[in-house]
Amino acid sequence: MDPQDHQQPELRQVLVLQPPFVFNIHEHLFADRFHVLKAYDSPLPTRDFLQANAQSVKVVLCSGIRDLPALKLVVTDATGVNHIDMAECVRRGIKVTNVGDVYSDDVADAAVGLLIDVMRRITSGERFVRDGCWTTSREYPLGAKLGGKRVGIVGLGNIGSRVATRLEAMGCIVSYTSRRKKQSTPFTFYPNILQLAFDSDALVLCCALTNNTRHMIDNKVMKALGKKGIIVNVARGALVDEVELVKCLLEGELGGVGLDVFENEPNAPRELFELDNVVFLPHAAAFTNESFYDVAQVMIANLEVFFGNKPLLTLVNNKF
Amino acid sequence: MDPKPQDHQSPSSTPSELRQVLVLRPPPVFAVHEQDFSSKFHILKAYDSPLPTHDFLQAHAQSVKAVLCSGIGPITAEVIHNLPALELVVTASTGVNHIDMAECRRRGITVTNTGDVFSDDVADAAVGLLIDVMRRITSGDRFVRSGRWATSGEYTLGSKLACKRVGIVGLGNIGSRVATRLKAMGCLVSYTSRQEKHTTPFTFYPNILQLAFNSDALVICCALTNETRHIINNKVMMALGKKGIIVNIARGAIINEVELVKCLVEGEIGGAGLDVFENEPNVPKELFELDNVVLLPHRTAFTQESFYNAAQILIGNLEAFFTNKPLLTLVANEF
Numbered sequence: 001m002d003p004q005d006h007q008q009p010e011l012r013q014v015l016v017l018q019p020p021f022v023f024n025i026h027e028h029l030f031a032d033r034f035h036v037l038k039a040y041d042s043p044l045p046t047r048d049f050l051q052a053n054a055q056s057v058k059v060v061l062c063s064g065i066r067d068l069p070a071l072k073l074v075v076t077d078a079t080g081v082n083h084i085d086m087a088e089c090v091r092r093g094i095k096v097t098n099v100g101d102v103y104s105d106d107v108a109d110a111a112v113g114l115l116i117d118v119m120r121r122i123t124s125g126e127r128f129v130r131d132g133c134w135t136t137s138r139e140y141p142l143g144a145k146l147g148g149k150r151v152g153i154v155g156l157g158n159i160g161s162r163v164a165t166r167l168e169a170m171g172c173i174v175s176y177t178s179r180r181k182k183q184s185t186p187f188t189f190y191p192n193i194l195q196l197a198f199d200s201d202a203l204v205l206c207c208a209l210t211n212n213t214r215h216m217i218d219n220k221v222m223k224a225l226g227k228k229g230i231i232v233n234v235a236r237g238a239l240v241d242e243v244e245l246v247k248c249l250l251e252g253e254l255g256g257v258g259l260d261v262f263e264n265e266p267n268a269p270r271e272l273f274e275l276d277n278v279v280f281l282p283h284a285a286a287f288t289n290e291s292f293y294d295v296a297q298v299m300i301a302n303l304e305v306f307f308g309n310k311p312l313l314t315l316v317n318n319k320f
Numbered sequence: 001m002d003p004k005p006q007d008h009q010s011p012s013s014t015p016s017e018l019r020q021v022l023v024l025r026p027p028p029v030f031a032v033h034e035q036d037f038s039s040k041f042h043i044l045k046a047y048d049s050p051l052p053t054h055d056f057l058q059a060h061a062q063s064v065k066a067v068l069c070s071g072i073g074p075i076t077a078e079v080i081h082n083l084p085a086l087e088l089v090v091t092a093s094t095g096v097n098h099i100d101m102a103e104c105r106r107r108g109i110t111v112t113n114t115g116d117v118f119s120d121d122v123a124d125a126a127v128g129l130l131i132d133v134m135r136r137i138t139s140g141d142r143f144v145r146s147g148r149w150a151t152s153g154e155y156t157l158g159s160k161l162a163c164k165r166v167g168i169v170g171l172g173n174i175g176s177r178v179a180t181r182l183k184a185m186g187c188l189v190s191y192t193s194r195q196e197k198h199t200t201p202f203t204f205y206p207n208i209l210q211l212a213f214n215s216d217a218l219v220i221c222c223a224l225t226n227e228t229r230h231i232i233n234n235k236v237m238m239a240l241g242k243k244g245i246i247v248n249i250a251r252g253a254i255i256n257e258v259e260l261v262k263c264l265v266e267g268e269i270g271g272a273g274l275d276v277f278e279n280e281p282n283v284p285k286e287l288f289e290l291d292n293v294v295l296l297p298h299r300t301a302f303t304q305e306s307f308y309n310a311a312q313i314l315i316g317n318l319e320a321f322f323t324n325k326p327l328l329t330l331v332a333n334e335f
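Residue numbers (this note's numbering), protein chains in the order written: chain G, 1 to 320; chain R, 1 to 335.
Hints were generated in silico from the structure; no laboratory data involved. Computed from a prediction, not measured in an experiment: that's the story for all the values here. Note that beta-carbon positions come from the ideal geometry of N, C-alpha and C, so glycine has one too. Any given hint could be a false lead.
To be verified - Taking lysine-lysine pairs in the BS3-like style, the calculated list, with each CA pair at most 30 Å apart, reads:
| no. | chain 1 | residue 1 | chain 2 | residue 2 |
| --- | --- | --- | --- | --- |
| 1 | R | Lys183 | G | Lys181 |
| 2 | G | Lys310 | G | Lys38 |
| 3 | G | Lys58 | G | Lys72 |
| 4 | G | Lys145 | R | Lys235 |
| 5 | G | Lys145 | R | Lys242 |
| 6 | G | Lys182 | R | Lys183 |
| 7 | G | Lys72 | G | Lys95 |
| 8 | G | Lys145 | G | Lys228 |
| 9 | R | Lys197 | G | Lys145 |
| 10 | G | Lys58 | G | Lys95 |
To be verified - Coverage of chain G stretches by chain R, computed from C-beta distances (three or more under 8 Å per stretch; other residues unrestricted):
| no. | region |
| --- | --- |
| 11 | 271 to 281 |
| 12 | 286 to 300 |
To be verified - A short list of chain G residues far from chain R (calculated; beta carbon distances all over 12 Å):
| no. | residue |
| --- | --- |
| 13 | Pro43 |
| 14 | Pro45 |
| 15 | Asp48 |
| 16 | Phe49 |
| 17 | Arg92 |
| 18 | Val129 |
| 19 | Arg150 |
| 20 | Thr165 |
| 21 | Ile173 |
| 22 | Met216 |
| 23 | Lys223 |
| 24 | Gly226 |
| 25 | Leu250 |
| 26 | Gly252 |
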């Protein structure tokens with residue numbers, strides 16, 4: 001690659017099929033530095049657009065790679081890569097970068113916030129006040145103390161380890177399950193999810209969605225967790241068998257859930273809207289002003305080093 | 001009138017009927033554990049009587065030595081005057097602002113509270129409220145339940161917790177626990193207190209105004225006294241700033257509520273998480289219009305576990321009193 005390319009944004013083509021959320025605020029940071037090819041702005045169907053405009057594109061923000069013969073790099077605005085055909089990328093020698101751990105603090109904070117909310121009935125209490133019930137009713141639905149509760153973390157990576165630290169500071173007893181035991185943590189390792197569920201009062205899902213983890217939280221796991229059990233999911237909706245989850249909640253087989261992610265976003269299961277022991281977030285656990293800024297920086301930095309022929313910063317290790 | 005000399009029967013033979021405990025209004029803990037009290041003591045329920053309180057006390061409570069109370073049934077000077085034999089006030093709360101402590105001191109009446117049985121839970125909820133306001137959790141829940149996520153998709157960004165400067169007002173049992181939790185989340189914790197605490201690592205500010213100037217959020221964890229009433233006022237809120245957040249799990253009257261509402265409605269502060277209000281259970285209606293406020297019905301202390309522990313401590317103090325043993329959680333009366 002010509003080292004002078006970095007001086008001329010027009011030659012540094014970056015294809016974007018659908019605008020990532022970070023563009024809502026920071027698009028100009030990208031447009032100042034790169035020639036952003038906006039497939040979504042074109043009246044042409046995507047396929048035709050790519051045929052006409054993207055034959056020499058080397059970089060794409062997000063997926064849809066079949067029609068890009070020159071593609072070398074996929075830059076995603078997410079931590080997860082479940083939306084990218086990683087097998088195809090390996091076959092074609094295409095590299096993938098994610099956003100590393102820029103979202104990890106915020107997702108961990110939100111996971112803790114959701115757990116406290118469900119256990120201590122915060123959003124539920126808020127409805128009680130806003131509906132005007134406090135002035136008329138003397139109900140005292142009690143919450144559950146956090147200290148002493150056994151919390152099982154599913155996946156002890158960047159997010160899971162931060163959740164663990166926070167919950168430990170609140171007196172929770174933290175265990176985890178993971179693909180492999182982590183030798184450097186003080187927390188108890190369980191070799192599988194079922195054993196973890198049996199020994200936990202709450203599960204916090206912090207792992208990636210892969211073929212192995214799809215629907216790992218099934219009816220069996222929920223029954224093992226028990227009628228007072230709580231599940232917090234800030235990872236991917238499809239980790240949980242959502243149909244089974246709804247059934248368990250409606251039948252009182254679970255104590256409550258805090259969910260940021262769903263199998264069919266932006267559609268959350270409407271049957272749960274009547275329940276007081278469920279807290280919903282619109283897939284926003286990662287979304288703060290600060291993380292959006294950091295995400296823009298990481299994505300731009302990866303693009304810069306790519307065009308400057310230098311090592312990528314947050315390369316995803318592709319195990320396919 | 002001087003209190004009568006103590007005439008407790010020997011511990012092994014004190015029948016429960018003679019162990020009278022007056023209750024003006026049922027404390028929240030009665031909702032779950034009343035039986036534990038009534039099996040050990042003779043509970044005199046003023047609230048079950050058709051008589052007005054004053055008349056009830058005159059008629060039935062002249063030899064009562066112990067009263068069990070909570071914030072909803074204040075022990076005023078007038079109540080105390082109607083209880084000539086009163087020796088002990090057992091409150092089912094940590095705070096004693098609903099008890100006329102000066103009058104108790106004058107009469108030689110001892111006061112016990114619930115010690116720190118509620119502290120963990122209140123601290124957890126304070127942190128939960130702060131996360132909720134900064135990260136818009138309850139607001140997000142409304143966004144989903146109302147169907148707006150499915151149709152409009154976009155949602156307002158929250159604010160990261162790490163590196164935010166959080167000022168804790170009162171570093172006692174609750175405040176110190178809040179500090180530990182927030183530190184684990186990467187917040188920069190400072191505090192103000194009546195005296196500097198030399199054993200903590202957190203930065204001390206000698207007054208609330210300086211703390212507010214140097215904070216992104218304030219968490220109110222102090223007692224309500226004459227000195228702290230309305231200590232959070234317009235000046236403090238302006239110092240905190242337009243992005244500033246206030247969490248109050250202490251007592252409503254620590255904040256000037258009229259000014260708080262004005263600041264929130266006019267956007268002079270960023271948001272608030274409130275478990276307590278000046279005139280419970282009434283919450284200022286203007287707050288119901290706001291999306292950056294989280295409102296709780298004074299229940300951050302309420303968990304199954306804390307209610308159980310509170311019942312134990314209340315019963316423990318009453319037992320100790322009736323068997324002439326040292327009280328468990330005596331409140332130092334500084335009046």
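Against the structure, the hints come out as follows:
no.: 1; hint: R/Lys183 - G/Lys181; result: holds (27 Å)
no.: 2; hint: G/Lys310 - G/Lys38; result: holds (25 Å)
no.: 3; hint: G/Lys58 - G/Lys72; result: holds (5 Å)
no.: 4; hint: G/Lys145 - R/Lys235; result: violated (36 Å)
no.: 5; hint: G/Lys145 - R/Lys242; result: violated (33 Å)
no.: 6; hint: G/Lys182 - R/Lys183; result: holds (25 Å)
no.: 7; hint: G/Lys72 - G/Lys95; result: holds (6 Å)
no.: 8; hint: G/Lys145 - G/Lys228; result: holds (13 Å)
no.: 9; hint: R/Lys197 - G/Lys145; result: holds (28 Å)
no.: 10; hint: G/Lys58 - G/Lys95; result: holds (10 Å)
no.: 11; hint: 271 to 281; result: holds (count 4)
no.: 12; hint: 286 to 300; result: holds (count 6)
no.: 13; hint: Pro43; result: holds (22 Å)
no.: 14; hint: Pro45; result: holds (22 Å)
no.: 15; hint: Asp48; result: holds (26 Å)
no.: 16; hint: Phe49; result: holds (23 Å)
no.: 17; hint: Arg92; result: holds (32 Å)
no.: 18; hint: Val129; result: violated (4 Å)
no.: 19; hint: Arg150; result: holds (14 Å)
no.: 20; hint: Thr165; result: violated (6 Å)
no.: 21; hint: Ile173; result: holds (14 Å)
no.: 22; hint: Met216; result: holds (24 Å)
no.: 23; hint: Lys223; result: holds (23 Å)
no.: 24; hint: Gly226; result: holds (16 Å)
no.: 25; hint: Leu250; result: holds (16 Å)
no.: 26; hint: Gly252; result: holds (17 Å)
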